[in-house]
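> First to last, the sequence lines map onto chains A and B.
Numbering of the first sequence is given in numbering that gives the first Met the number 0, commencing with residue 0 and proceeding in unit increments.
Numbering of the second sequence is given in numbering that gives the first Met the number 0, commencing with residue 0 and proceeding in unit increments.
One thing to keep in mind: the hints can contain errors.
The calculated label-pair distances, taken between Cβ atoms and stated as ranges, are [said to hold, decoys possible]:
1. B:LEU72 / A:MET208: 38 to 46 Å
2. A:PRO8 / B:TYR24: 20 to 28 Å
3. B:TYR24 / A:ILE103: 29 to 37 Å
Pairs of lysine to any residue residues, derived as SDA-like cross-links and limited to a Cα-Cα distance of at most 25 Å, are as follows [what the hints assert, rightly or not]:
4. B:LYS43 / A:PHE232
5. A:LYS25 / B:GLY65
6. B:LYS43 / A:VAL230
7. A:LYS155 / B:PRO52
8. A:LYS78 / B:ARG59
9. B:LYS43 / A:PHE226
10. B:LYS43 / A:PHE133
11. A:LYS155 / A:TYR236
12. A:LYS78 / B:ILE81
13. A:LYS47 / B:ALA19
14. A:LYS25 / A:ALA225
15. A:LYS25 / B:VAL78
16. B:LYS14 / A:ASN69
17. B:LYS43 / A:MET73
18. B:LYS14 / A:LYS25
19. B:LYS43 / A:PHE7
20. A:LYS78 / B:ALA55
21. A:LYS78 / B:GLY65
22. A:LYS78 / B:GLY56
23. A:LYS78 / B:LEU64
24. A:LYS155 / A:PHE133
25. A:LYS25 / B:LEU82
26. A:LYS78 / B:VAL78
27. B:LYS14 / A:VAL230
28. B:LYS43 / A:GLN74
29. A:LYS78 / B:LYS43
30. B:LYS43 / A:ASN69
31. A:LYS78 / B:LEU82
32. A:LYS134 / B:ILE35
33. A:LYS78 / B:MET57
34. B:LYS43 / A:VAL244
35. B:LYS43 / A:GLU9
36. B:LYS14 / A:ALA225
37. B:LYS43 / A:TYR236
38. B:LYS14 / A:GLU9
39. A:LYS78 / B:LYS14
40. A:LYS78 / B:PHE63
Hints were generated in silico from the structure; no laboratory data involved.
C-beta atoms are modelled at their ideal positions from N, C-alpha and C, and glycine is treated no differently.
The primary structure of each chain is shown beneath.
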Amino acid sequence: MIAESFKFPEINSILRWRDLFSSFNKIALIAVAAAVIGSLIFILAGRKDASVAPKGVRNLAETSVEFVENGIVMQTMGKEGLGWTPFLLSLFLFIYLCNVPGIIPFLQMPATARMAIPVFLSLLVWVIYMGVGFKHQGIKYLTHTIWPPGVPTALKPLVGVIELISNYFVRPFSLTVRLFANMLAGHILLVTFALLTNSLVTAQTQQFMLKPMAILPFFMLVFLTAFEVLVAFLQAYIFTILTAVYIGGSAHPEH
Amino acid sequence: MEAFAHLVATAADDKATAAASSAGYAYGLAAIGPGIGIGYLVGKSVEAMARQPEAAGMVRTTMFLGIAFTEALALIGFVVFILIGL
Numbered sequence: 000m001i002a003e004s005f006k007f008p009e010i011n012s013i014l015r016w017r018d019l020f021s022s023f024n025k026i027a028l029i030a031v032a033a034a035v036i037g038s039l040i041f042i043l044a045g046r047k048d049a050s051v052a053p054k055g056v057r058n059l060a061e062t063s064v065e066f067v068e069n070g071i072v073m074q075t076m077g078k079e080g081l082g083w084t085p086f087l088l089s090l091f092l093f094i095y096l097c098n099v100p101g102i103i104p105f106l107q108m109p110a111t112a113r114m115a116i117p118v119f120l121s122l123l124v125w126v127i128y129m130g131v132g133f134k135h136q137g138i139k140y141l142t143h144t145i146w147p148p149g150v151p152t153a154l155k156p157l158v159g160v161i162e163l164i165s166n167y168f169v170r171p172f173s174l175t176v177r178l179f180a181n182m183l184a185g186h187i188l189l190v191t192f193a194l195l196t197n198s199l200v201t202a203q204t205q206q207f208m209l210k211p212m213a214i215l216p217f218f219m220l221v222f223l224t225a226f227e228v229l230v231a232f233l234q235a236y237i238f239t240i241l242t243a244v245y246i247g248g249s250a251h252p253e254h
Numbered sequence: 000m001e002a003f004a005h006l007v008a009t010a011a012d013d014k015a016t017a018a019a020s021s022a023g024y025a026y027g028l029a030a031i032g033p034g035i036g037i038g039y040l041v042g043k044s045v046e047a048m049a050r051q052p053e054a055a056g057m058v059r060t061t062m063f064l065g066i067a068f069t070e071a072l073a074l075i076g077f078v079v080f081i082l083i084g085l
């Protein structure tokens, strides 16, 4: 009975909203909103008087700057990496604001659950850490990426192949897939339990226990929504911290 | 016999069945290794934090890095699951 009424929708239909214009859909709307909201927070915070105690939006901005400085930059790059704070902060904030709509009612769609945004962000990171490497180490960066300093000569062919693949292909690929697949998995889980709750409540059945049992998937849905709050933050944090590690690694080969 | 025509499995059905079950296997197998890995990693990190609470910040950062690398394998399995199954 339930098996008939419970039909999982096509993957495309749970990842799509209706297109607002021919090429502007929900994902684009969320991404634009994330960029605008992120900029607005800091523009508004920058206008406040810096000599009085911070409150409201300035508090939020200062907390996030402090978090990126102490939690990400200082832990991975040390003092000389502090110049990267603005870039890492905007990266973190943009990814976080793209992830969070996954649990906001009526939006219910993380913008990073489509491949486009994670791919673009990790290609950007790839270009930046390559650029930093060439800037700090010159043309020797190429040999340093293939053979990290201190590798014994006998191991050079093996290490060379592994490091080459890892540095040039696996890093951007895994950055992309990590963010994308985490958000997509969370979204599909939420859809599954919401559908299960709905189909149990609306089931055409004689068994009186069946409808109250809808409480079980509903509890799971509530729990998963709370879990997604954590995942949205954690994925933004991990993407940013890996970026910081990669940039720090290209700037100083010995680490 | 016509009444039972819908019960006879066609080649397309066989293919869909194989795809669905192998998608399940793909994700299930991909989840074993990272599951063990993340459990071990976090357990050891908690041990380190309990022994040396002043190093907790550094351990936590490294722990998240390790989780990110370990988890990537499970997530690639999830992507394969979607590619085969849905």
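> Taking the numbered hints from earlier one at a time, note which ones the structure violates and give those numbers from smallest to largest.
The structure conflicts with hints 5, 7, 10, 11, 12, 13, 16, 18, 19, 26, 27, 29, 31, 32, 35, 36, 39, although it agrees with all the remaining ones.
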